[in-house]
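Enquirer: Taken in order, these protein sequences are the chains called A and B.
For the first sequence, the positions run 161 to 438 when this note's numbering is used.
For the second sequence, the positions run 161 to 438 when this note's numbering is used.
Incorrect hints may have been included.
To be verified - In silico SDA-like links for lysine to any residue, alpha-carbon gap of 20 angstroms or less: (1) A:LYS183 with B:PHE314; (2) A:LYS310 with B:GLY271; (3) B:LYS194 with B:GLN169; (4) B:LYS190 with A:THR316; (5) A:LYS190 with B:ARG213; (6) B:LYS402 with A:THR316.
What the hints assert, rightly or not - A few chain A residues that don't get close to chain B, going by computed Cβ distances all over 12 angstroms: (7) ARG258; (8) THR282; (9) ILE285; (10) MET341; (11) GLU347; (12) ALA368.
Claimed, not checked - Chain A stretches covered by chain B per the calculated footprint, using a threshold of three residues with CB under 8 angstroms from any CB of chain B: (13) 180-191; (14) 209-215; (15) 271-278.
FYI, nobody ran anything at the bench for these hints, they're computed from the structure.
Ideal placement from N, C-alpha and C gives every residue a C-beta, glycine not left out.
2 protein chains.
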Amino acid sequence: MTPMNFLTQEETADYLVTGSWSKKAIAEAKRFGKTHVVCTSEDRNFCYIPAERKNSSNPAYVHFTSNNTIYGTQFRSEPETPDGAFLVCDASSDIFSRPIDIAKYGIVYAGAQKNLGPSGITLVIIRRDLIERGNPDVPTMLSYRTHAEKDSMFNTPPAFGIYLMGLVFKWLKQLGGLEAMAERNAEKAGRLYAYLDDGSLFRSTADADSRSLMNVTFVTGDAEKDKQFIAFATNEGLDGLKGHRSVGGMRASMYNAFPADGVDALIDAMQRFETGCV
Amino acid sequence: MTPMNFLTQEETADYLVTGSWSKKAIAEAKRFGKTHVVCTSEDRNFCYIPAERKNSSNPAYVHFTSNNTIYGTQFRSEPETPDGAFLVCDASSDIFSRPIDIAKYGIVYAGAQKNLGPSGITLVIIRRDLIERGNPDVPTMLSYRTHAEKDSMFNTPPAFGIYLMGLVFKWLKQLGGLEAMAERNAEKAGRLYAYLDDGSLFRSTADADSRSLMNVTFVTGDAEKDKQFIAFATNEGLDGLKGHRSVGGMRASMYNAFPADGVDALIDAMQRFETGCV
Chain A
161 MTPMNFLTQE ETADYLVTGS WSKKAIAEAK RFGKTHVVCT SEDRNFCYIP AERKNSSNPA
221 YVHFTSNNTI YGTQFRSEPE TPDGAFLVCD ASSDIFSRPI DIAKYGIVYA GAQKNLGPSG
281 ITLVIIRRDL IERGNPDVPT MLSYRTHAEK DSMFNTPPAF GIYLMGLVFK WLKQLGGLEA
341 MAERNAEKAG RLYAYLDDGS LFRSTADADS RSLMNVTFVT GDAEKDKQFI AFATNEGLDG
401 LKGHRSVGGM RASMYNAFPA DGVDALIDAM QRFETGCV
Chain B
161 MTPMNFLTQE ETADYLVTGS WSKKAIAEAK RFGKTHVVCT SEDRNFCYIP AERKNSSNPA
221 YVHFTSNNTI YGTQFRSEPE TPDGAFLVCD ASSDIFSRPI DIAKYGIVYA GAQKNLGPSG
281 ITLVIIRRDL IERGNPDVPT MLSYRTHAEK DSMFNTPPAF GIYLMGLVFK WLKQLGGLEA
341 MAERNAEKAG RLYAYLDDGS LFRSTADADS RSLMNVTFVT GDAEKDKQFI AFATNEGLDG
401 LKGHRSVGGM RASMYNAFPA DGVDALIDAM QRFETGCV
């Protein structure tokens, strides 16, 4: 929806390409205007967040994907936004996992299914002035203006999902809010990364400065052994560890709702597998 | 999505305008190509389904809204579709309330929230050859081809809603399927219409040959009395009877899930209100 509402044929939008979702996002933007790649980490299968970046001279907006679930990488801070442009973030897989400085953003959008609630809803946070500025000739249902004017009730809203999201927000507040979640998530992922860095069998696939606190990707370096570990772990009740087919290996997804003792259980299983006590 | 996928600037799409949803549908279609009004009942505030109709000479498709919730009208049968065109139906408010001859349709789409399950899902039934024929230059997410090729899992599907829809389908089958639902719905609405036609105080607003089995709209003819009845009925536990602001009066929505004794309770309340035993 962002390019449809905010990009014209004459304008350029800047994209930071750090994984499959940003690749999909830039492909859609090409239908509406010009695009510019600020940086890409495709050369090393997206295992890092590039530090070297170059914006175009006058972009309409700058788009990034804050966390890349498949590749286990995450932005530590917001990319630069040239004067006159606004920042757009696909925060689907790390929204509300940590506080962000919302004043830096023009649009944040996030599918609910990772940290917010059930699949089937997208949360959008948009700056008021952008609602006004959007392209007026957009199908009604796909215009941010429509949804803002109707208080998100232009169409029958997905009431059950919104209700569940409300419960999740209350739960987040009870736990101490986003500051507390950030600590919790850093602690959970930190423990697993520490084990990976110490361990002899498993290693993290993402560069140290780009590691995600939501999705920890790791390998043994031997595809056959990876498979054996996944089978072993599944049998121990640790399900869903298989990495995405485009990277292979393992992926431990540790969204807000994932408990700290789940990390303990995973590390324990990895240790036992490594030492042969299986 | 239908005009976006199937209408070009040079083509014409035919619309039967029988209420606010078909008006909205034709307005969106105008963004993509030419439109033609086959018939409209706006002259009498959409209280009937016009019998007189005129298709354009070579439409891409013919679009109709099978049931009009606000105005309490419903098509008895499918409109004619000229050779070379296909039929498109917005069946949001009466899908699975009765059997239809699906071979007559090119596309049926229906928001789930009336007869299928929770809000937030749209069910689409589309003919295989149309999937292939659709405009290739459409945003990926808005192309029928995308969803068909990925078995409706291009994006993370709204799993909870789909699961609930599955339960509703099983329930429909248990009750005897769509034939049984059609009988049940005809019986429920028939009883209320019979009372309206006999009664002296209340009268049905839709023409007899156009009446909806899902939404029965009625008035006393006196806005003040309507208001009194709604307050009385609400007090009796009969909620949601207020008609849409564009028609006023009362509306009894009796979707598949609405029980037959709910109709008894409504008629009983109407009788007591009418005879002054309140």
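Enquirer: If a hint holds in the structure, say so; if it does not, say that too.
Expert: Now for the hints, and whether the structure bears them out:
Taking the CA atoms of A:LYS183 and B:PHE314, the gap is about 15 angstroms. The hint holds against a cut of 20 angstroms. Straight-line distance between C-alpha atoms of A:LYS310 and B:GLY271 comes to about 19 angstroms, which keeps the hinted pair within the 20 angstroms bound. Only pairs whose Cα atoms come within 20 angstroms are accepted, and B:LYS194 paired with B:GLN169 is accepted, the gap being roughly 7 angstroms. For the given pair, B:LYS190 sits about 23 angstroms from A:THR316 by alpha-carbon distance, which is inconsistent with the 20 angstroms threshold.
Of the pairs offered as hints, the one joining A:LYS190 and B:ARG213 is violated, with about 42 angstroms between alpha carbons and a cut-off of 20 angstroms exceeded. For the given pair, B:LYS402 sits about 18 angstroms from A:THR316 by alpha-carbon distance, which is consistent with the 20 angstroms threshold. Against the 12 angstroms criterion, A:ARG258 stays outside the reach of chain B, whose nearest CB is about 22 angstroms from its own CB. Look at A:THR282: its CB is around 10 angstroms from the nearest CB on chain B, not clear of 12 angstroms, so calling it non-interface is violated.
For A:ILE285, the condition that its CB be more than 12 angstroms from all CB atoms of chain B holds, with the nearest at approximately 20 angstroms. The non-interface label for A:MET341 is consistent with chain B: the shortest C-beta to C-beta separation is roughly 22 angstroms, beyond 12 angstroms. With a minimum CB-CB distance of about 28 angstroms to chain B, A:GLU347 clears the 12 angstroms threshold, and the non-interface call stands. The non-interface label for A:ALA368 is consistent with chain B: the shortest C-beta to C-beta separation is roughly 30 angstroms, beyond 12 angstroms.
Counting residues of the region 180-191 of chain A whose CB lies closer than 8 angstroms to any CB of chain B gives 4, so the stated coverage by that chain holds, three being the minimum. For the region 209-215 of chain A, the proposed coverage by chain B is not satisfied: 0 residues have a C-beta within less than 8 angstroms of a C-beta in that chain, short of the threshold of three. Residues of the region 271-278 of chain A lying with their CB closer than 8 angstroms to a CB of chain B number 3, which satisfies the three-residue condition for coverage.
Violated hints, listed in ascending order, are 4, 5, 8 and 14; each of the other numbered hints is respected by the structure.
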